[in-house]
Amino acid sequence: DTGVSQDPRHKITKRGQNVTFRCDPISEHNRLYWYRQTLGQGPEFLTYFQNEAQLEKSRLLSDRFSAERPKGSFSTLEIQRTEQGDSAMYLCASGTGYEQYFGPGTRLTVT
Amino acid sequence: DQQVKQNSPSLSVQEGRISILNCDYTNSMFDYFLWYKKYPAEGPTFLISISSIKDKNEDGRFTVFLNKSAKHLSLHIVPSQPGDSAVYFCAAVDAGGTSYGKLTFGQGTILTVHP
Numbered sequence: 001d002t003g004v005s006q007d008p009r010h011k012i013t014k015r016g017q018n019v020t021f022r023c024d025p026i027s028e029h030n031r032l033y034w035y036r037q038t039l040g041q042g043p044e045f046l047t048y049f050q051n052e053a054q055l056e057k058s059r060l061l062s063d064r065f066s067a068e069r070p071k072g073s074f075s076t077l078e079i080q081r082t083e084q085g086d087s088a089m090y091l092c093a094s095g096t097g098y099e100q101y102f103g104p105g106t107r108l109t110v111t
Numbered sequence: 112d113q114q115v116k117q118n119s120p121s122l123s124v125q126e127g128r129i130s131i132l133n134c135d136y137t138n139s140m141f142d143y144f145l146w147y148k149k150y151p152a153e154g155p156t157f158l159i160s161i162s163s164i165k166d167k168n169e170d171g172r173f174t175v176f177l178n179k180s181a182k183h184l185s186l187h188i189v190p191s192q193p194g195d196s197a198v199y200f201c202a203a204v205d206a207g208g209t210s211y212g213k214l215t216f217g218q219g220t221i222l223t224v225h226p
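Here the protein sequences line up with chains V and R, keeping their order.
Heads up: the first sequence runs through residues 1 to 111, numbered per the numbering used here.
Heads up: the second sequence runs through residues 112 to 226, numbered per the numbering used here.
Be careful, since some hints might not be right.
[Stated by the list, open to error] Some but not every residue of chain R turned toward chain V, in silico, with C-beta under 8 Å:
{"id": "1", "residue": "Ser-160"}
{"id": "2", "residue": "Leu-214"}
{"id": "3", "residue": "Phe-216"}
Treat the hints as calculated values from the structure; they're not laboratory data.
Note that CB positions come from ideal geometry on N, CA and C, so glycine has one too.
If we strip away everything but chain V, and leave its shape as in the complex, we get (with noise of 0.2 Å):
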């Protein structure tokens, strides 16, 4: 078991690019998570997956924002022409239970 994790650590664009991030949870696990946190917050939920279906979205997680899982293991999250408030930590969980298990986070920056 090698836990959750998540890549690129760190990624830098400019405004109006697109970007792509990449999750692999726990091999057994079929629930997955993507949250989104910011400086002084909690992670807040954006969307999750139940093997792969998508089952819920957030209201956070705008048109511009679309999520896959395909075959129900690795996730991508992709994000579009990024905007400013885009800046956050995207962190991926997975878990079976109520018990979530969180990789280390996409630290993205939009210049």
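On the provided structure of chain V, position chain R as indicated by the hints.
Here is chain R on its own, set in the frame of chain V:
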């Protein structure tokens, strides 16, 4: 609206003493609660949890207390160690309905344990 609140942004404790971190919630549908610890540049690490059918759960140096009538929970760390210095987040789950287990987090409390 902030459904989970940690009103103390920071807490400073001497090594060997007790650390008490507090958390309040407003949503009466929350019925499972968790504490996470976060070091800089790392993701949150699960510490301990409690179901609403219990009022106490203990795991080594960590004990979580739940007071449902007051909608309040606390994390006790005894004895505190310098390695416990981190940001601590309280989180809550609405285990029923269609919440799908998503966590609602508080803002976090920075714990500093001085040698």
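The hints, checked one at a time:
1. Among the interface hints, the one on Ser-160(R) holds; its C-beta lies about 6 Å from the nearest C-beta in chain V, closer than the 8 Å criterion.
2. With its C-beta approaching chain V no nearer than about 6 Å, Leu-214(R) sits inside the 8 Å limit, and its interface hint holds.
3. With 8 Å as the threshold, the beta carbon of Phe-216(R) comes within range of chain V, its nearest partner Cβ sitting at about 3 Å, so the hint holds.
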